[in-house]
Amino acid sequence: MGCGESLTVKKNRPVNLRLTTIRFPCTAIVSILHRASGVILFLFIPLLLWLLEKSLHSAADFAAISECFASPVSKLFLLGLVAALSFHLIAGIRHLLMDIGVGESKCAGTMSAILVFILSIIVIGLLGVWLW
Amino acid sequence: MVNNALSFTGNGLRDWIVQRITAVILALYTFFMVGYFLLTPEVNFTSWQTLFASRWVSIFTLLALGGLILHSWVGIWTILTDYVKPAALRFTIEIIVILALISYFVWGIEVIWSV
Ligand code: HEM
Chain A
57 MGCGESLTVK
67 KNRPVNLRLT
77 TIRFPCTAIV
87 SILHRASGVI
97 LFLFIPLLLW
107 LLEKSLHSAA
117 DFAAISECFA
127 SPVSKLFLLG
137 LVAALSFHLI
147 AGIRHLLMDI
157 GVGESKCAGT
167 MSAILVFILS
177 IIVIGLLGVW
187 LW
Chain B
18 MVNNALSFTG
28 NGLRDWIVQR
38 ITAVILALYT
48 FFMVGYFLLT
58 PEVNFTSWQT
68 LFASRWVSIF
78 TLLALGGLIL
88 HSWVGIWTIL
98 TDYVKPAALR
108 FTIEIIVILA
118 LISYFVWGIE
128 VIWSV
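In order, the protein sequences belong to chains A and B.
For what it's worth, my numbering labels the leading residue of the first sequence as 57, then goes sequentially.
For what it's worth, my numbering labels the leading residue of the second sequence as 18, then goes sequentially.
Excised from the complex, chain B in its bound form (with noise of 0.2 Å):
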């Protein structure tokens, strides 16, 4: 069996439904941001900031955020699981991308709260 240690909720099925939720999100988020280019006739820093400045627009870019990261945790965990078979390095590396990944989620929520 796979040793699931790290996996996000350390049960494949779970971790395979957050990872379609969280695929789910971010393609609406993308989606969300397309439209907005093409629909904004001039997309200059006050426009920008605006955007930014709604609240639904900081809720929903935070839930893309918290879906970034949680969808990029089961992503990299099932590539480590499968490509890196030694075992200490395989942890070292997860730890280092789970601790990544909680910076850019704090600096990101920073981001969204600054506007």
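Only chain A is shown next, with the shape it has when bound in the complex (with noise of 0.2 Å):
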């Protein structure tokens, strides 16, 4: 039992590295890119709190940020950060949901996995029309 049994795994058992040819279930994607929209937010941190510093300064410093964000580039830019928070959010409260228990199945996964992608492109879509 146990560790003769373990020792028998095929040896010709098939190596796949040929990356175009996996797949990667919708679920595998949410999970990566809530990874990658944390670390992106991780990384913008001190920009936000200078933004914060700013902006509550003073009136002039408020205007200046202002005005900074009125030039499409920035608004772009802008748009890039508030789409991956709004993704690790959205992503975050399938998780903490799955976490309590809710939805764990693997057909509700997927189900949740694919609501996720809809709902995070509606969101961003309406913060892209707010912001322009």
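Among the hints, erroneous ones may be present.
Claimed, not checked - In the DMTMM-like style, the derived pairs of lysine to aspartate or glutamate whose C-alpha atoms are separated by at most 25 Å in a straight line are:
#1 Lys-110/A / Glu-59/B
#2 Lys-131/A / Asp-117/A
#3 Lys-102/B / Asp-32/B
#4 Lys-131/A / Asp-32/B
#5 Lys-110/A / Asp-32/B
#6 Lys-110/A / Glu-123/A
#7 Lys-131/A / Glu-109/A
Bear in mind the hints are in silico, worked out from the structure with no lab data behind them.
The model shown is predicted, which means the values in this text are computed figures rather than measured ones.
Hints in hand, dock the two standalone chains.
If you want it as structure tokens, here you go:
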């Protein structure tokens, strides 16, 4: 039992390193994007703190920041950042629901992963409309 | 076993719980901010400063700031443990991230208190 059996693993089991032939289920994509968005948010903490500091400092600084975010490039940048937050938040809520035992089956997991994408696209779209 | 000398609580289950509690705080704060932007007819310097001058908003912001720091630390620690295998390199990055997060915390408190 145990040890003996684990040694009889097939030696010629398939090895697949051709990345383009590996299928990533959408649950895996939600997972990796949740991680990536978390890192992006972490990296931009200093920028957000700086913006908060400036915007609260004086009316002139507030106006300078508003003006800066009037340009399309910085709007796009800001949209990217709030998109990362929206995705991380929505996928995070799915994560927390699964942690308390809601929707843990494979089928429900796939469905909620798709729902995360749909909701994120809607929210990010609305944010885009609102920013422009 | 994973070497957890620098994990926030030094215990996987406790780290896990810290990350969940702080996630809920951050979600609530995000909803609060979205609500503010949706419900305020015109966000300008005066309304923005009035918001942060309120005592309970300061406390909520402080709570969210602390949550952000702890949530990020548990998250980044997990990611570093997953991907950065050489111990010396991982340790170095961990120290840099910890110092950065502590600085953000102090800086954030200064911003909240200066209003
Ligand atoms: C706003 C700033 C935030 C930052 C900087 C941030 C950062 C991170 C990072 C770096 C991770 C690690 C990802 C991983 O282990 O794969 C993480 C995980 C997580 N985040 Fe956030 N996060 C933020 C907000 C939120 C919010 C609002 C929620 C609310 C639902 C949330 C829920 C979660 C959950 C549940 C995890 C655990 C994922 C896991 O165990 O795999 N986060 N976060």
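Can you list which hints this structure breaks, lowest number first? 4, 5
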